Amino acid sequence: MIGRIRKSIAAWLFSVPAFLFIGLFVAYPIVASLWMSLTDYHLLYSDDPAFGGLGNYRRVLNDRYFWIGLRNTLVYTAARVPVIIFLSMFLAALIQACKRFGRLCQTLLFVPVLVPEAMGAVVVVWMLSEKFGLVNHLLGMALGTTVTRNWLGEPRWAMAAIVLTSYWGIGTNIVLFSAGLAGIPKSLYEAAAVDGAGPWARFRAVTFPSLRHTPGVVSVLAIIGSLKVFALPYIMTQGGPGSSTMVLYYWVYKNAFEYYKLGYGCAMAYLLGLIVLVFAAGQLLLSRRESPS
Amino acid sequence: MTGRIQQAPAAQSDQQTAMSALSDDTTKSNRLWSSLYRLLIDCIGRLKACPTFLLLVLCCAGCGREEPAQSTTCLRFMAEAWMFGKYPVREAKERFEKRHKGVTVELIKAPAGWNNRLLVSMMSGRSHADAIFCPTEDTIAAWAARDLLEPWDDFIRDRLPDGRDTFLKVFLDGSNLGGVQYGLPISAEMIAISVNKRMAADAGLLDANGKIRFAKTWDEVFEYARRMTIDRDGDGKPEVIGMAINWSFGEGVLLSAIQAAEGQIADGNPMKLRLDSPVVRKLLTLTKAGADEGIVTLASMTDINQPRNDMKAGLVAMIVTVHSRYLESEQTLGKGNATLMPMPGPNLGGTISTTRSVVIPRNSRAIELAQQFMREELLAPYFSAYAMEKFGKLPCPRKVFDKLNVVEAQWLVEWAGKSSGPIMARDRIQMADAIRRNLQAYLSGSVDLDTMLNHLDDELSNIDMRDVREIFSKRKAK
Chain A
6 MIGRIRKSIA AWLFSVPAFL FIGLFVAYPI VASLWMSLTD YHLLYSDDPA
56 FGGLGNYRRV LNDRYFWIGL RNTLVYTAAR VPVIIFLSMF LAALIQACKR
106 FGRLCQTLLF VPVLVPEAMG AVVVVWMLSE KFGLVNHLLG MALGTTVTRN
156 WLGEPRWAMA AIVLTSYWGI GTNIVLFSAG LAGIPKSLYE AAAVDGAGPW
206 ARFRAVTFPS LRHTPGVVSV LAIIGSLKVF ALPYIMTQGG PGSSTMVLYY
256 WVYKNAFEYY KLGYGCAMAY LLGLIVLVFA AGQLLLSRRE SPS
Chain B
407 MTGRIQQAPA AQSDQQTAMS ALSDDTTKSN RLWSSLYRLL IDCIGRLKAC
457 PTFLLLVLCC AGCGREEPAQ STTCLRFMAE AWMFGKYPVR EAKERFEKRH
507 KGVTVELIKA PAGWNNRLLV SMMSGRSHAD AIFCPTEDTI AAWAARDLLE
557 PWDDFIRDRL PDGRDTFLKV FLDGSNLGGV QYGLPISAEM IAISVNKRMA
607 ADAGLLDANG KIRFAKTWDE VFEYARRMTI DRDGDGKPEV IGMAINWSFG
657 EGVLLSAIQA AEGQIADGNP MKLRLDSPVV RKLLTLTKAG ADEGIVTLAS
707 MTDINQPRND MKAGLVAMIV TVHSRYLESE QTLGKGNATL MPMPGPNLGG
757 TISTTRSVVI PRNSRAIELA QQFMREELLA PYFSAYAMEK FGKLPCPRKV
807 FDKLNVVEAQ WLVEWAGKSS GPIMARDRIQ MADAIRRNLQ AYLSGSVDLD
857 TMLNHLDDEL SNIDMRDVRE IFSKRKAK
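Protein chains in written order, with our numbering: chain A, 6 to 298; chain B, 407 to 884.
Just so you know, these hints were derived from the structure itself, not from any lab.
Note that the structure is predicted; figures quoted are calculated from it, not measured.
Misleading hints may appear alongside valid ones.
To be verified - Here are the simulated lysine-lysine pairs, DSS-like style, with alpha carbons at most 25 Å apart: (1) B/K694 - A/K136; (2) B/K880 - B/K678; (3) B/K741 - B/K492; (4) B/K796 - B/K718; (5) A/K136 - B/K718; (6) B/K643 - A/K136; (7) B/K499 - B/K515; (8) B/K796 - B/K809; (9) B/K880 - B/K575.
Stated by the list, open to error - A partial selection of chain A residues facing chain B, derived with a Cβ cut-off under 8 Å: (10) P160; (11) S248; (12) K259.
The C-beta atom is built at its ideal place from N, Cα and C for all residues, glycine as well.
Full structure from sequences and hints, please.
Have a look at this one:
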């Protein structure tokens, strides 16, 4: 009995570092920021955080830029997620079908994942430069004229450029789909071929149904990643021109770390967290309902 | 078969040996764990009776505050990385060390995002530098609001023979909050128009002495841009565009235009900016029309460096941004091929300025040395004259101007006299962002001018525009 108690104590003791880590870096910030979101706290001009109830949340809901940020974030998500899913699934299937250079292609498509997104964004900004950019230069060569389009200076093109740059990290999703594809028994394809199914019919009847879980996982990850978008607009456009590429996290960042309104920033971050949670839960429920029991 | 039977005991024996070894290992392992466990329990038991140990751990972990014990031999001087190239910081260090035997000046490059990082760090009582040469008025206000800076008032009164007159007033006032001087300005930037002189000559814009004829109105400025725009092949896409205005710094440009036109940017407290004024409407309408016509580029809306880069590359003839870009452009355009023009208006040359100042943190370990370094090196004419002559950074100490040979420097001093410091509203950064966003929305065609001005007015009414200096005064009175 004493031995068992001792073992149990030992187990708890060995768990202490993990609990400490989680408590310090996860639980405490969550609780502290929740408390902060209920206070009126300006880092420079407030002596102490003063409890303000749900005042910050009410102010956030009346903030024009919160809604603009939410709209832009949803536009970005809607433009990114379906393409990420279908393009990565298509490329993974193509790689699997390609016997000779499949591995090489997979590696090449994965390489951009190793490069930081921020660095990719800087390169794209150069490429889209009005006067010196590669894109205008190539277009000029193709059209036989001087092209001086200010891609990032026009609202609709600026958002399009950010969405296109976000495809940079598609390699991770290709790997996930490749793993899913590798798990499909070959016998299914052989049976379909015997039945006279062509490549498209095989994809529709065998590959896609067998991959049911992978698109679910990829879409949840892509939705969460898209709703959290920050680095690309921050580096490429600083939310401009105007507020055309201002996304929610950028607005949270501005309020909390540039305007020093920590209480307000925390309230906005909580609302954004809630939105992410709702989307992720909805997507998970949907994929569970669709998946066979 | 026999072999197999004969082998069996051996195999069994091996197994037993292995089992025994395993059992020994397990026993050893159990013993080891058991003793470790006992040790742990023992330690915890002792710890209960030993709270000083906990205190020691906390201190080791850096939870204790650093005591700013004063040093008389080592000065830690921090500046932004680019400043090491544009100001003779290393020369200052060498001269100071030579003059004071046994004293060392440690030069530190400010980390990225230094203003917030140092704010948080200083708030938690840590000391990274004894003097910091980075901050603009915004940062000084932020740090001073948390009482993190040592005032310069005694130093100005006791150590500077000319007192406050050592500096140009407009530059010194920017870092004076509630009657306390928190920063000493070294150099200043003002919004002005930098012009490619060769292109201006080709367009017939220079006078008989080879100096640019100053445009008196914004209409004239845009006419200059039209005349300097070059479309060699006549395809409607000019190779050289007449003008680029820095709309990433829209607040600075717009407020400078108002200062040049009206001699005042804001009224009252909380401050009400004079944004719905004729000059603002004129400037924005002309810019939009100019962009449609192809004599103005708007690429600066998302690239703050576009005007200076294009000017240096000879792709833009004129840029409206901080004045020092004119001298920077000479690196590629050639010496004497760039000049300055004032912001047009009845108060010709009136503009807004921002300064780079030296501050001493409260928890500096060498306050005396920092003040001495300031007086002997940073305020010496050689220091800011170098930055002006090489990089166009306008010196703030008055006596430096007598030694300058650059004609533009004299113009800048004259314009500085008609200028205003930055708007020191409590939420100035938020205000600047609101102006920039709304301007860009109009210039990119998302809204018309009246809607934009209404939106901007709405937004500014929700921003705390109280004069930060008054807030400091009230605090001091408390």
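**Q.** Status of the hint placing A/S248 at chain B (closest C-beta pair under 8 Å)
**A.** 5 Å, holds
**Q.** Proposed proximity, B/K492 with B/K741 (alpha carbon, max 25 Å)
**A.** 17 Å, holds
Q) Keeping to a limit of 25 Å between CA atoms, is the pair of B/K694 and A/K136 held or broken? A) 19 Å, holds
(Q) Let's test the interface hint: is any C-beta of chain B closer than 8 Å to that of A/K259? (A) Constraint on A/K259 satisfied, holds at 7 Å.
Q: Please work out if B/K643 and A/K136 have their alpha carbons no farther apart than 25 Å.
A: With Cα atoms ~11 Å apart, B/K643 and A/K136 stay inside 25 Å; holds.
**Q.** Status of the hint placing A/P160 at chain B (closest C-beta pair under 8 Å)
**A.** With Cβ-Cβ at 6 Å, under 8 Å, it holds.
Q) Given the hint that B/K796 pairs with B/K718, does the C-alpha gap stay at or below 25 Å? A) Cα-Cα ~15 Å, so holds.
Q. Is the Cα-Cα distance between B/K880 and B/K678 25 Å or less?
A. 21 Å, holds
Q) Within a Cα-Cα threshold of 25 Å, do B/K796 and B/K809 meet the stated pairing? A) 14 Å, holds
Q) Given the hint that B/K880 pairs with B/K575, does the C-alpha gap stay at or below 25 Å? A) Holds. B/K880 to B/K575 sits at ~23 Å (cutoff 25 Å).
Q | B/K499 paired with B/K515 [C-alpha distance capped at 25 Å] | A | At roughly 14 Å apart (the allowed maximum being 25 Å), B/K515 and B/K499 satisfy the hint.
Q: Quickly compare the C-alpha distance for A/K136 and B/K718 to 25 Å and report which way the hint goes.
A: Holds: A/K136 and B/K718 sit about 13 Å apart, inside 25 Å.
Consistency with the previously given hints is maintained throughout, with no hint failing.
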